[in-house]
Amino acid sequence: MTASGTLPVTGSARRLVLPRIRPRPRWLEFRLLVLVAVTVIVGNVSLAATLDGRWGLHDAAGLALYLGALFAAHVAQVLAGRRTDQILLPTIGLLGGISLLLMERLPQDTIRQSIFGTTLGLAQVQLVWLLLGLAIATILGIVVRSDSWLRRYKYTWAALGIALLLLTFVMGSVVNGQRLTLQLGPISGQPSELLKVILVVFLAGYLSENRALLVEQDTRLGPLRLPPVPYLAPMVAMWAIALLIVVVQRDLGTALLFFGVFLALLYVATGRIALVLIGLALFVLGSIVMGQLVDTIRTRFEIWLDPFADPLGAGYQVVQALHAFARGGLLGMGLGNGLPEVAGRLPIPEVHTDFPLAALGEELGIIGVIGVLGLFLVVVERGLRIGASAADDYRSLLAIGLALIIGIQAFIIAAGNLKVLPLTGVTLPFISYGGSSLLANSLVVGLLLALSDKGVEPPPPPRVGSRWRLPRRAR
Amino acid sequence: MDGYVLVLWAVRLLFLALIYLFLARVILTLLRDLRAAAREPASRPGRLVVLASPTGEPPPGHSIALDVVTPLGRDVNNAVVIDDPFASAEHAVLTFRGRTWFLEDLESTNGTYVNGRRVSGVAPVGYGDELQIGEVRMRLERSA
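Heads up: the protein sequence lines correspond to chains A and B, in order. FYI, the numbering used here numbers position 99 of the first sequence as 99, with every residue one higher than the one before it. FYI, the numbering used here numbers position 130 of the second sequence as 605, with every residue one higher than the one before it.
Just so you know, these hints were derived from the structure itself, not from any lab. Any given hint could turn out to be false.
Stated by the list, open to error - Chain B is nowhere near these chain A residues, computed Cβ spacing over 10 Å in every case:
#1 V42
#2 I278
#3 L331
#4 A388
As the list claims (entries may be wrong) - Here are the in silico distance ranges between beta carbons for each label pair:
#5 B:S595 / A:A233: 56 to 64 Å
#6 B:V543 / A:P230: 26 to 34 Å
#7 B:V551 / A:L277: 36 to 44 Å
Owing to the predicted nature of the structure, the values given are computational and were not obtained by experimental measurement. In this text, a Cβ means the ideal position worked out from N, Cα and C, and glycines have one as well.
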């Protein structure tokens with residue numbers, strides 16, 4: 001008798017539950033949103049007083065549009081009447097508001113994009129992305145009631161992700177020595193942003209199905225006891241993919257993010273710190289070897305170790321960021337009071353995508369930076385809490401993985417800006433300029449919202465694992 | 476002009492203070508939420524939802540709260556009585572140790588299955604896993 005006794009899906013579990021929609025007030029969310037609105041308006045007044053030298057609003061229309069969208073998202077959720085999390089929306093609303101203030105303050109011609117004949121500057125393009133992101137998060141939080149479309153097709157999602165990765169390897173255009181951007185017709189974007197969500201969807205499925213077997217200690221490697229060899233394979237594959245990203249895309253940040261999320265989820269699923277330490281050691285080892293072989297990576301490491309070796313050349317960006325933090329000091333120069341440009345160019349190259357934290361450090365000081373990092377911590381805490389009270393292991397792992405994407409990504413780029421880690425080109429979630437990043441992170445928040453509802457469809461019965469992965473002993 | 480600069484600095488500090496006010500309010504809410512979760516009785520860390528039971532004992536659709544040690548079998552002295560011709564008198568035992576559930580098959584004649592795989596000895600089971608004894612299928616869930 002083996003796994004052949006497949007389990008027919010019972011009628012009760014598959015019954016389509018048509019929800020009765022009844023509005024449900026969300027006062028906590030409302031109160032927090034009011035606080036967010038006041039904060040953003042005060043920030044805007046401060047910006048206007050500094051930049052324009054008068055009391056008033058800097059960009060009243062954009063501000064009204066953004067706050068209107070936040071409250072529209074709130075009203076939509078009230079009308080939908082689901083018992084989803086009430087803290088996530090205000091938190092990302094505040095992060096987005098800070099992002100908008102930052103983008104309004106940077107030179108507007110950094111980005112010029114023409115949509116339907118009108119040319120939009122940096123802040124306006126960012127506003128469009130923020131509105132789209134809010135829409136995505138809200139719609140997902142309202143509409144998604146079942147996770148079976150993620151759970152059932154985990155290998156399909158994995159295949160899709162690998163296809164996307166290969167497509168970027170082959171067809172991606174090279175910007176600044178990194179092969180990140182994929183252009184398909186009129187649409188261009190960074191697939192790695194979407195890939196990180198797919199990665200978590202796959203890992204949650206894989207780990208929740210094979211958790212029991214990963215805990216088993218079967219292989220011995222010196223003093224270490226490892227899971228049976230077949231179950232180590234995905235770990236090695238993950239490691240290989242991360243290194244491949246480093247080699248082909250020259251993208252240390254994404255590799256670190258993927259591998260970090262993978263190790264964190266592995267730890268959550270198995271509770272074994274040894275696996276994590278081995279993985280971390282493997283990654284550091286791989287990175288050092290890559291650093292010797294690949295020029296771009298080696299340069300990054302050298303800049304990290306001593307940016308002042310070439311302060312006007314290779315180390316310029318990092319040195320300028322450090323100066324920005326130094327100018328900011330404890331309380332900052334005030335919004336709009338930093339150095340906008342030096343000799344007609346941005347003081348820190350790519351400040352709107354790679355160094356938003358340095359710009360915030362200059363204008364809001366260390367106090368402001370810590371506040372912003374605190375907001376990211378809140379998002380992570382919500383994700384862990386949603387995971388801890390989820391109905392089954394798959395949802396736990398999915399929620400925790402999604403939250404950790406945002407947390408680890410924020411950590412990597414914040415550490416890069418502060419010269420704690422080598423600088424890598426990932427974005428600061430919800431604050432950096434960039435459509436792919438904003439939309440992918442909104443997708444994450446939308447899924448977290450959907451998962452936080454206690455009244456969702458019960459998890460489907462687990463499927464029998466495929467037989468080729470069964471060790472003989474288990475039969 | 477001095478007045479203007481003073482007010483401007485006040486506005487700048489107000490902005491920072493408001494960010495922290497938001498954080499403080501959120502963190503207070505989170506703490507309250509965590510305390511409430513900690514107060515909830517954790518004595519019954521799970522339940523079994525009966526998915527299918529041809530003989531009607533245990534009744535299909537019912538959910539059974541689990542103790543830290545829950546014996547299952549055909550004998551009436553078990554905490555979960557499974558009246559199935561393929562079940563042994565003392566069939567299996569579910570135990571909650573540390574943070575995980577474990578299922579031990581008590582050398583039953585026809586075996587115990589987790590997600591369709593036969594269990595030998597003690598096996599860890601997770602929430603959402605499906606147990607099968609004879610023709611009775613049950614799902615382990617977190618207690619609501």
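Results for each hint:
1. V42: About 5 Å separates V42 of chain A from the closest Cβ of chain B, which leaves it inside 10 Å; violated.
2. I278: Consistent with the label, I278 of chain A stays out of reach of chain B, its closest Cβ about 21 Å off (over 10 Å).
3. L331: L331 of chain A not clear of chain B: closest Cβ-Cβ about 7 Å, inside 10 Å.
4. A388: Answer for A388 of chain A: violated, closest chain B Cβ roughly 8 Å.
5. B:S595 / A:A233: 56 to 64 Å: violated (23 Å)
6. B:V543 / A:P230: 26 to 34 Å: holds (33 Å)
7. B:V551 / A:L277: 36 to 44 Å: violated (50 Å)
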